[in-house]
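Enquirer: Spelled out from the first residue to the last, the chains are:
There are 2 protein chains.
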Amino acid sequence: MQKIGKSERLIFITSTLVQNPMKLFSLTFFCEKLSCAKSTLSEDIDLISQIFEQTGQGRLETVSGAAGGVYYIPVMKKEDEIEFLNFLKNELQNPERIVSGGFVYINDVVFNPEVIKKAARIFVRLFLEKEIDYIATVEAKGIALASYVAQYFNKPLVVARNSSKFTEGSTVNISYISGTTGKIETMTMAKKAIKKGAKVLFIDDFMRGGGTVRGMKDLLSEFESSLVGVGVLIATKDKKSVDVDYKSLLVLEELNAENKKITFSINPQVIS
Amino acid sequence: MQKIGKSERLIFITSTLVQNPMKLFSLTFFCEKLSCAKSTLSEDIDLISQIFEQTGQGRLETVSGAAGGVYYIPVMKKEDEIEFLNFLKNELQNPERIVSGGFVYINDVVFNPEVIKKAARIFVRLFLEKEIDYIATVEAKGIALASYVAQYFNKPLVVARNSSKFTEGSTVNISYISGTTGKIETMTMAKKAIKKGAKVLFIDDFMRGGGTVRGMKDLLSEFESSLVGVGVLIATKDKKSVDVDYKSLLVLEELNAENKKITFSINPQVIS
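If you read the sequences in order, they're chains A and B. Just so we're aligned: 261 in full-length UniProt numbering is position 261 of the first sequence, and the numbers increase by one with no gaps anywhere. Just so we're aligned: 84 in full-length UniProt numbering is position 84 of the second sequence, and the numbers increase by one with no gaps anywhere.
Worth flagging that the hints you see were computed from the coordinates, not collected in a lab. Since we're looking at a predicted model, the values are computed, not measured. Hints should not be assumed to be uniformly reliable.
The list cannot tell twin chains apart, which means a pair is met if one copy fits it or any two copies do.
As the list claims (entries may be wrong) - The calculated lysine-lysine pairs, modelled on DSSO-like cross-linking and capped at a C-alpha distance of 30 Å, are:
(1) 191 - 6
(2) 117 - 23
(3) 117 - 77
(4) 261 - 192
(5) 38 - 240
(6) 33 - 260
(7) 196 - 89
(8) 6 - 261
(9) 261 - 237
(10) 260 - 192
Turn these sequences into a full structure, and let the hints steer you where they fit.
Expert: What follows is the structure in structure tokens.
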């Protein structure tokens, strides 16, 4: 950059932080890049932080000390979260979503960038205090959502599959009973996928009884790793036997294929 | 926002555009949000555009007329693309990636946010001129990458699966010969997934003979939709029978399991 004034600094800092959520940038990085003093930079960062909070575009966190710096946390304002959850609820309550067998068609939702981006931001807020090394999911419908959560947490995504593929080297396989199908299914993950002692956040689109969560927990214990939280977009009202911090955004209250009636509620835990 | 000065405007506009790639924002939206005149806003946008081009953070495109506005295109500078592709090439050439059966372990790469984010930005540049309605992929390894491409193009992602799930309503299924396994496989997609007459960009992690691409083309023709381009992270040197605009970022030149030697090259089409 040639002439570096305040405007140029603000644009560069804002763009760099927003493009790299949860990534710590040292003040030295910006000072060198923008040839400015630390005091000047601190003022810029304060201003950006203020505007973000006022407009609900996320927030900045500064870390002091030698290894310190600043990073961007892509959370939304509470009122924007509620507006989004209401929108999602109404969208899903469309009776045309009921497909044969009494299931709900949600593929368009779980692969719609506008939707999963916002859902992912809510999961960031819900699990911000956890120490997380990986985001995990099971193929295939939760992958796009989990990929956003991974992006926003700046952590690698690992995907467990339902059948092992020979292109992944040796794998760890476990069997579990799917709450959705009631059948025994297999979950497999490449041995190279997760390091020992890792803390993992599991993200999925849908949860019924929690069989998949227990499967993931067993799978992770084979890696000497642990599940620190579970975030799902939609859960049924079935009793879940899940002994880990678990949050769903929406709850499927009623699905009546005959009357073509389908009702969701917003999980009060999320918006309280 | 209370006092809205130039600094506040620049932060808000930069953050809004960068958080929503390819989404057109009318000038009126910003003028109302920031209580400023269009001429002032145009100056702000020009300045942001300049800084983005100078620092390689993407570029802004303005559309004139009543339906006009401004949007952000998340492309990288050519030199950053080359630096990234060299990094990726070196990363993949690690002999420890060769797994039994003579395959390459790439799961950590295709699910690493830092990597696929940059790869996705290159695909944006490569297919920017195409009219695109959907980004499609086949489960599971390409999904994270395709999800970024979908985000950057601001288009929905659709995922073809290898077996139909009863939760998706009626599906369209086709059989194809996988170039990787040499076997007949099935590709399935929910009937509701794609609208008629759509233009689709197919993104995947790996391509050998192109069987999956032909499968996807057949599948799309069932939806009266068409394939307008194919972007893959890595392709082998095998002859591809693919009659559509296809670009791979890297080419697998040699894989010798005995000597533990694995070599990639950067596709010259991409960086020329």
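Enquirer: At 30 Å max between alpha carbons, let me know whether residue 33 reaches residue 260 within a copy, between copies, both or neither.
Expert: Classified as neither: same-chain Cα gap 59 Å, cross-chain 41 Å, threshold 30 Å.
Enquirer: 30 Å Cα cut-off: does residue 260 pair with residue 192 within a copy, between copies, both or neither?
Expert: between (46 Å within a copy, 18 Å between copies)
Enquirer: Go through the copies and call it for residue 6 and residue 261: within, between, both or neither, with a Cα cutoff of 30 Å.
Expert: neither (56 Å within a copy, 51 Å between copies)
Enquirer: Is the C-alpha distance from residue 261 to residue 192 at most 30 Å within one copy, between copies, in both cases, or in neither?
Expert: between (45 Å within a copy, 19 Å between copies)
Enquirer: For residue 117 vs residue 23, is the C-alpha pair at or below 30 Å within one copy, between two copies, both, or neither?
Expert: So residue 117 and residue 23 pass the 30 Å test inside a copy (18 Å) and across (14 Å) alike.
Enquirer: Cα distance capped at 30 Å. Does residue 261 pair with residue 237 within a copy, between copies, both, or neither?
Expert: Within one copy only: 16 Å inside, 53 Å across.
Enquirer: Reference check for the pair residue 191 and residue 6, CA-CA at most 30 Å: within, between, both, or neither?
Expert: neither (49 Å within a copy, 53 Å between copies)
Enquirer: Can you tell me if residue 117 and residue 77 fall within 30 Å by alpha carbon in one copy, between copies, both or neither?
Expert: both (14 Å within a copy, 26 Å between copies)
Enquirer: For residue 38 and residue 240, with the copy left unspecified, which applies at a CA distance of at most 30 Å: within, between, both, or neither?
Expert: Intra 51 Å, inter 55 Å, cutoff 30 Å: neither.
Enquirer: Is it within, between, both or neither when you check residue 196 against residue 89 at 30 Å Cα-Cα?
Expert: between (39 Å within a copy, 27 Å between copies)
The structure fails hints 1, 5, 6, 8 (numbered hints given earlier, in ascending order).
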